[in-house]
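This is what each chain is made of:
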Amino acid sequence: MIQFSNVSKRYPGGYEALSNVSFHMEKGAMAFLTGHSGAGKSTLLKLVALIEYASRGQIMVDGENVTRISRRRIPYIRRKIGFIFQDHHLLFDRSVFDNVALPLIIAGYRHQDIGRRVRAALDKLGLLSKERLSPITLSGGEQQRVGIARAVVNKPMLLLADEPTGNLDPDLSREIMSLFSLFNDVGVSVLIASHDIPLIESLDYPVLSLEEGRLAHPEAGAA
Amino acid sequence: MIRQRNTRQRPRHGWQGRLQSMLSPRIFLRRHLQVAFDSLGRLYRNRVSSLMTAAVIAIALALPAGLFLLLDNLDRLSGSWDGQASMSVFLKQDITDTQAGALLKQVSEWPEVGAVELVTPAQALEEFSQQSGFADVLGALEDNPLPYVLIVIPASTQLDPVAASALQARFTDLPETELAQLDLQWVQRLAAILDIAQRIILIIGVLLALAVMLVIGNTIRLEIQNRRDEIVVTKLIGATNSFVRQPFLYSGFWYGALGALIAWAVVEGGFWLLAEPVARLAGLYHSDFSLETLPLQLLLVLLLGGILLGLLGSWLAVGRHLDAIEPT
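Residue numbers (the working numbering), protein chains in the order written: chain A, 2 to 224; chain B, 6 to 333.
Note that these hints are calculated values from the structure, not bench results.
Check the hints yourself; a few may be wrong.
[Claimed, not checked] Sample of chain A residues with no beta-carbon within 10 angstroms of chain B, all distances over it, derived:
#	residue
1	15
2	17
3	57
4	58
5	66
6	96
7	130
8	133
9	141
10	144
11	175
12	217
[As the list claims (entries may be wrong)] Not everything, but these chain B residues come out facing chain A in the computed CB check (under 10 angstroms):
#	residue
13	35
14	36
15	39
16	232
17	235
18	237
19	238
20	239
21	240
22	243
23	244
24	248
25	328
26	331
27	332
28	333
Heads up, the beta-carbon is just placed ideally off N, CA and C, and yes, glycines get one too.
Let the hints inform the model, and build the full structure from the sequences given.
This is the structure:
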């Protein structure tokens, strides 16, 4: 699903966020990405979602080489990916329903399909009763779940999550992680960046560990 | 619930998907209608500021439109004259019908004469009584005091003053002529003045059109800035640039259309206010002249112009500012 070959990312100014990273995550796999803050976790996810571009190396997403992709093609790659952000990136000027419906509207789904799919996703995340509320009235955990609903509503092949449990208490974090496991069970590839080591260790998934921009355990890269 | 694959309902990615949605007029139309009304709804939610922007646009549109219409009416006032200088040659009172006919034949062969028409005293009296409003007074006359008149239209359409004077002199020298009068010199001068006025209005119009574009462009730029988060999020979840662009283009469209509607009301209202004093003035000249605005054509032209300028302005703003907003 994701394949990195000798990928480096150097930011303007010379800071190298990723150095010579290679790994391969297969379709349908689930893995964690750990490391201290500043180790390059977010950069790696941004490279996959085409928010940043590699300085060197090759990146394949779903069998497509995205290293030198045209700008026009980017939106269509991103539609295959559900991205979950630490700070949710929800739009507070519209309801929970409209937030979750956004990817479907962008992809041009029919009105009836949108309603059905949004409610299915909200139901899955236990937010059906809150569909008319503004996200700003929800708790942090609920907002995160709205973000997850939005990421999964168009049934992406790949879920990327950047510190999805960063602001949540342990119980909620565990609940969110079990949700990801559920998505993985139905075939979605999942890559989660997190520094919550105890939580990660309690779950039985491969771990990619970044240290100052390098993969610490390359053998784990066979995830 | 979230199944990995459901290819039947999943819209195809990439150019196939684009092509498919472009080729399906229903999807295309529905999407556009939806975006159009979303944009309109957004304007309505910020109705005070939207209205102020639309009012600025309206004033900028109404000014050249109103001036142009005014000019058009002036042009129509002088339009009974067909754009050529003509000369009235009044023959002496004792000229008979035969003599006048012979003279008509003679001068019509002059090279500098394009056309010539003989107006008999009876015709002249009829026309005069119709136009002047003195029908009653004229009816009281026992004899027709009017002479034969030759209406001469010079051969060259744009008669310069020297040639006109020469022609006038040639007619004056004829023994039958009482008076040769170059008509409507004032019309020529008026036409020249109107030409200048038209140019000035054109310049004002172009400048104000530019102003409309800038106003709309700036409004859209602010809107883009206000909705920066939304643009970033939609781009992050796979929105194409054209998807992001559309609502702003529709905002420009609505601003232009709304401005045009208000401009139309302003112009029509202005002319309505002018109608009465103009009618009174025309009455003093025994004319049934009245201002004409052709409301429907005016509305169409204003709408077309306003929408075009709105789209152009927003397109410029979107082109400059939207593509620069990328998620980081």
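Here is what the structure says about each hint:
| no. | hint | result |
| --- | --- | --- |
| 1 | 15 | holds, 18 angstroms |
| 2 | 17 | holds, 18 angstroms |
| 3 | 57 | holds, 20 angstroms |
| 4 | 58 | holds, 20 angstroms |
| 5 | 66 | holds, 14 angstroms |
| 6 | 96 | holds, 14 angstroms |
| 7 | 130 | holds, 17 angstroms |
| 8 | 133 | holds, 17 angstroms |
| 9 | 141 | holds, 18 angstroms |
| 10 | 144 | holds, 13 angstroms |
| 11 | 175 | holds, 20 angstroms |
| 12 | 217 | holds, 26 angstroms |
| 13 | 35 | holds, 8 angstroms |
| 14 | 36 | holds, 7 angstroms |
| 15 | 39 | holds, 8 angstroms |
| 16 | 232 | holds, 9 angstroms |
| 17 | 235 | holds, 5 angstroms |
| 18 | 237 | holds, 8 angstroms |
| 19 | 238 | holds, 5 angstroms |
| 20 | 239 | holds, 6 angstroms |
| 21 | 240 | holds, 7 angstroms |
| 22 | 243 | holds, 4 angstroms |
| 23 | 244 | holds, 5 angstroms |
| 24 | 248 | holds, 6 angstroms |
| 25 | 328 | holds, 9 angstroms |
| 26 | 331 | holds, 8 angstroms |
| 27 | 332 | holds, 5 angstroms |
| 28 | 333 | holds, 7 angstroms |
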